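With the hints as a guide, dock the two chains, each given alone in a separate frame, to form the complex.
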Amino acid sequence: MARITSSVYTSHVPAVGAALDLGKTAEAYWQPVFKGYDFSKQWEKEQKPDVIFLVFNDHATAFSLDLIPTFAIGTAAEFQPADEGWGPRPVPKVIGHPKLAAHIAQSVIQDDFDLTIVNKMDVDHGLTVPLSLMFGQPQAWPCPVIPFAVNVVQYPPPSGRRCFMLGQAIRKAIESYDEPLNVQVWGTGGMSHQLQGPRAGLINKEWDKAFLDRLIDDPEGLSKVPHLEYVREAGSEGIELVMWLIARGAMSDLRGGKKPTVRHRFYHVPASNTAVGHLILENN
Amino acid sequence: MSLDKPYTDIPGTTIFDADKSREGYHLNQFCMSLMKAENRARFKANERAYLDEWPMSEEQKQAVMARDLNRCIALGGNIYFLAKIGATDGKSFQQMAGSMTGMTEDQYRDMMVKGGRSIEGNRKIGEKK
Ligand SMILES: [Fe+2]
Numbered sequence: 000m001a002r003i004t005s006s007v008y009t010s011h012v013p014a015v016g017a018a019l020d021l022g023k024t025a026e027a028y029w030q031p032v033f034k035g036y037d038f039s040k041q042w043e044k045e046q047k048p049d050v051i052f053l054v055f056n057d058h059a060t061a062f063s064l065d066l067i068p069t070f071a072i073g074t075a076a077e078f079q080p081a082d083e084g085w086g087p088r089p090v091p092k093v094i095g096h097p098k099l100a101a102h103i104a105q106s107v108i109q110d111d112f113d114l115t116i117v118n119k120m121d122v123d124h125g126l127t128v129p130l131s132l133m134f135g136q137p138q139a140w141p142c143p144v145i146p147f148a149v150n151v152v153q154y155p156p157p158s159g160r161r162c163f164m165l166g167q168a169i170r171k172a173i174e175s176y177d178e179p180l181n182v183q184v185w186g187t188g189g190m191s192h193q194l195q196g197p198r199a200g201l202i203n204k205e206w207d208k209a210f211l212d213r214l215i216d217d218p219e220g221l222s223k224v225p226h227l228e229y230v231r232e233a234g235s236e237g238i239e240l241v242m243w244l245i246a247r248g249a250m251s252d253l254r255g256g257k258k259p260t261v262r263h264r265f266y267h268v269p270a271s272n273t274a275v276g277h278l279i280l281e282n283n
Numbered sequence: 000m001s002l003d004k005p006y007t008d009i010p011g012t013t014i015f016d017a018d019k020s021r022e023g024y025h026l027n028q029f030c031m032s033l034m035k036a037e038n039r040a041r042f043k044a045n046e047r048a049y050l051d052e053w054p055m056s057e058e059q060k061q062a063v064m065a066r067d068l069n070r071c072i073a074l075g076g077n078i079y080f081l082a083k084i085g086a087t088d089g090k091s092f093q094q095m096a097g098s099m100t101g102m103t104e105d106q107y108r109d110m111m112v113k114g115g116r117s118i119e120g121n122r123k124i125g126e127k128k
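One line per chain: the protein sequences are A and B, in this order. Under numbering that gives the first Met the number 0, think of the first position of the first sequence as 0, with each following residue one higher. Under numbering that gives the first Met the number 0, think of the first position of the second sequence as 0, with each following residue one higher.
For reference, chain B alone in the conformation it holds in the complex (with noise of 0.2 Å):
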């Protein structure tokens, strides 16, 4: 019997379950190697060779590379393990979220400060707004 996930119909959202990490086991090994300056100042001098180092797929390398979170995500990274790609290069938390969101930097610090966003619409997939 399969195990029952009843967090899939949250929109926006991906639960790092036991699934997702062993899916993105070496992709999230290889963002925790960024924990060390030495590895960090080797990544940033040759993305591509760095990443080569690691048993990852060719989609979560190119997804890395790209900094594209959302696919990192969907190809088994996990924000708190990919929060170190962001800290390599320099970005904050707030700017990495943000990322992910299809808005502008201005955008979603401006949405944070006027509250954030709203739970209203953003329970269920499918909810009317």
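The shape of chain A in the complex, shown without the other chains (with noise of 0.2 Å):
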């Protein structure tokens, strides 16, 4: 059977992808930043998995006004990285598990969560940029993904409560799947960072760094924190962590299994206009 080994959360800010591509990682600025995932590229090696379940938000790439699903699966058998206006990032193309989406996006519809499946879509730096963050530059992704875009652009994204509940769907249905595929779940986005109006830059570590500890040890606390919340303490922008609580929602120990193991935490202002936040959950 598959099964979930690991969840791993980051923030996913289009100008770390530029700072890679264009070679700028060794710069003052940009140390810090990608110094916070040189143990996870090194963990990623080790543990070798043979899918990621990846949970991003499109910025406005993929899905225009015309169409904006709250939730959706990607069952392609590949995904080309998006033009966004800069031109495409130059990154591999991603591969897709066509079955186990398919597999997933049954199991979970049955399960009262109306997936919308798309098996066309571009991907844009929310899915780029945490695979470039955790696997470097290689010539090709390690291993096929399943993309997961959530709203986060029109108002309301789905609560943080239905994000929860989807990820400990999403875990029952990964664990039914015959096949022995060591699965990650990654959720994307965050933390605090506000892009419009005048008061963007907003950043508060505070909030931030509450937000990492309930994730880890009061999961189903924090699952009721409401949208006002984010928006208010994290920034406009900030919202997108309600994507981190599908991830979180996988873990085992949400149906009785023991409390997953922090393997690496990180969290470091500025990246632009961002707080990036890192951490990774081992299952128990």
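Just so you know, these hints were derived from the structure itself, not from any lab. Accuracy of the hints is not assured; some may be wrong.
[Stated by the list, open to error] List time: in silico DSSO-like cross-link candidates among lysine-lysine, alpha-carbon distance up to 27 Å:
| no. | chain 1 | residue 1 | chain 2 | residue 2 |
| --- | --- | --- | --- | --- |
| 1 | B | Lys-35 | A | Lys-92 |
| 2 | A | Lys-223 | A | Lys-257 |
| 3 | A | Lys-23 | B | Lys-113 |
| 4 | B | Lys-35 | A | Lys-34 |
Please read all numbers here as calculations on a predicted model, not as lab measurements.
This is the structure:
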């Protein structure tokens, strides 16, 4: 049977992708950001995941205002890095896992989560920047990826509670898949940041750190935090953090297993406009 | 009954909700068109003519030509869509965000390096600093 071995959480700042692509990682400004991922890259080499279930949000790239799915699962064989206006990032194309993705879709929809199924979609920095942070700059990504897009562009996004419950349904779906796959679930976006209006540049370190603490120790309680608190305390774009609750919900302590081990934790301000947060939790 | 919008008291912040989305539909879809290189080239060659192909309000077109992102947002624009204009101009997200704060590019960058804009005094309109 397939099993979820760990979950990974990380910001997906576009400027981080640009810094990598333009060879700026050694600059004093960027060094502390990338240093926070040295451990993670080594860890991934040892973990050798077979599939990554990657929760991210599309930033008005694949989905315009013509179609705004709250939850969309990518079931295609491959996904191209998108041209977001600066030209596509020079990163490998993303290979999907259509069979597992279709299995998850069927299972989760029957568990009352009405997913949108996407057979054609370009993927933006929300998905490719986390891959770059965790795997560096390889010729090809080391394993297939199932993109899972969450609407956080048009208010309201799904509630933290809904995301947390969905994560639990995804765990059930993955664990009922027959092949013995090592699956990681990633939650991306955040942490505190605001990209718009006179309040742009907002950072709230205390709130972010408390979010990380609660994500580890009290995800159930954290899942009840309303949208308004995210927006007010962590900035209008900080609301991306609800996506982390999907990955956290997929961990096995929520069905009576042991608490996960915190393998790595990192926090840094700033990367461009954003607080960078990163966490690796291993199932026990 | 109208919808409850508890987020309107956050200073310097516009939440892109369904009403805003309706108001900004054509403005945002215009931005979206700039994801194609040939459209970026056409827009750069003659902004007015390109904008006139879209059923946007005159105010929206003026705000785009002035690169007044706060105004664009007030008229229904969303930052993730408006970012396509910035990309067309070769601007980074930091330059775009900074342009809405009344600070210079250097001032904004410095503020971010020093830990960003503090939450203190920035939670609610009228709150004491
Ligand atoms: Fe994002």
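message = Taking the earlier hints as the rules, which of them does this structure contradict?
response = Going through the list in order, the structure violates hint 4 alone and respects the others.
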